[in-house]
Amino acid sequence: GAGVSQSPSNKVTEKGKDVELRCDPISGHTALYWYRQRLGQGLEFLIYFQGNSAPDKSGLPSDRFSAERTGESVSTLTIQRTQQEDSAVYLCASSLRYNEQFFGPGTRLTVL
Amino acid sequence: QKEVEQNSGPLSVPEGAIASLNCTYSDRVSQSFFWYRQYSGKSPELIMSIYSNGDKEDGRFTAQLNKASQYVSLLIRDSQPSDSATYLCAGEDRSNDYKLSFGAGTTVTVRA
Chain A
1 GAGVSQSPSN KVTEKGKDVE LRCDPISGHT ALYWYRQRLG QGLEFLIYFQ GNSAPDKSGL
61 PSDRFSAERT GESVSTLTIQ RTQQEDSAVY LCASSLRYNE QFFGPGTRLT VL
Chain B
1001 QKEVEQNSGP LSVPEGAIAS LNCTYSDRVS QSFFWYRQYS GKSPELIMSI YSNGDKEDGR
1061 FTAQLNKASQ YVSLLIRDSQ PSDSATYLCA GEDRSNDYKL SFGAGTTVTV RA
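Residue numbers (this note's numbering), protein chains in the order written: chain A, 1 to 112; chain B, 1001 to 1112.
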């Protein structure tokens, strides 16, 4: 498919465990974004990549959150020592021009 | 003032009617705007982009941008039950590396 893909689609983990979420952007899209959406809430910006660099990490909620991008393609968002308040849908989006962002299906994270 | 504000809704319209969604923006937001549709449990889907003053029509959707009054709207003509979703308005934040600033969303319910 030509769209943004994310894996896993669902992740259930125990409090204190680390999780890795993956995003495959649309081929050729240089910009990649991570958002968090809690149930019934709006989009919360986490981090933005232009190429492989992350000029803006201001949205990361704590130092437990980190992200990287390699080869101007795949990105992983890592959450260490997960907490129950981390439970949310994590959305990835990519864009090529004019900031038209295309979203992936998201990863639903549940921390027990 | 938030960068992008939407009338909170929810908005309920009968099938076949016009649904009108409005969004205002601050001086920090540049004049590229996007409307996303988000079905319950799904990720946002880009449905309209508008870059210049005036109207842009795509099927049953019309986006309107009024730079003087700093608002952007979305009209859904001949509303169908399948249009029931949350609609997100987004604009580029000039003061934030032109990243998208999203409104909180307006939930639309089309009554059959």
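Keep in mind that a hint or two might mislead.
Over the 12 Å line for every Cβ pair with chain A, so calculated as not near, a few chain B residues [as the list claims (entries may be wrong)]:
#, residue
1, Val-1013
2, Glu-1015
3, Ala-1017
4, Asp-1027
5, Ser-1032
6, Gly-1041
7, Lys-1042
8, Ser-1043
9, Pro-1044
10, Asp-1055
11, Gln-1064
12, Ser-1069
13, Asp-1083
14, Ser-1084
15, Phe-1102
Covered by chain B, according to a simulated footprint, are these stretches of chain A (three or more residues, beta-carbon under 8 Å) [said to hold, decoys possible]:
#, region
16, 20-26
17, 31-45
18, 73-83
Computed far set for chain B versus chain A, every beta-carbon distance over 10 Å [said to hold, decoys possible]:
#, residue
19, Glu-1045
20, Lys-1067
21, Gln-1070
No wet-lab data here; the hints were simulated from the structure. The beta carbon of each residue, even a glycine, is placed where N, CA and C say it ideally should be.
List of violated hint numbers, smallest to largest: When the structure is compared with the hints, numbers 5, 6, 7, 8, 9, 15, 16, 18, 19 turn out to be violated.
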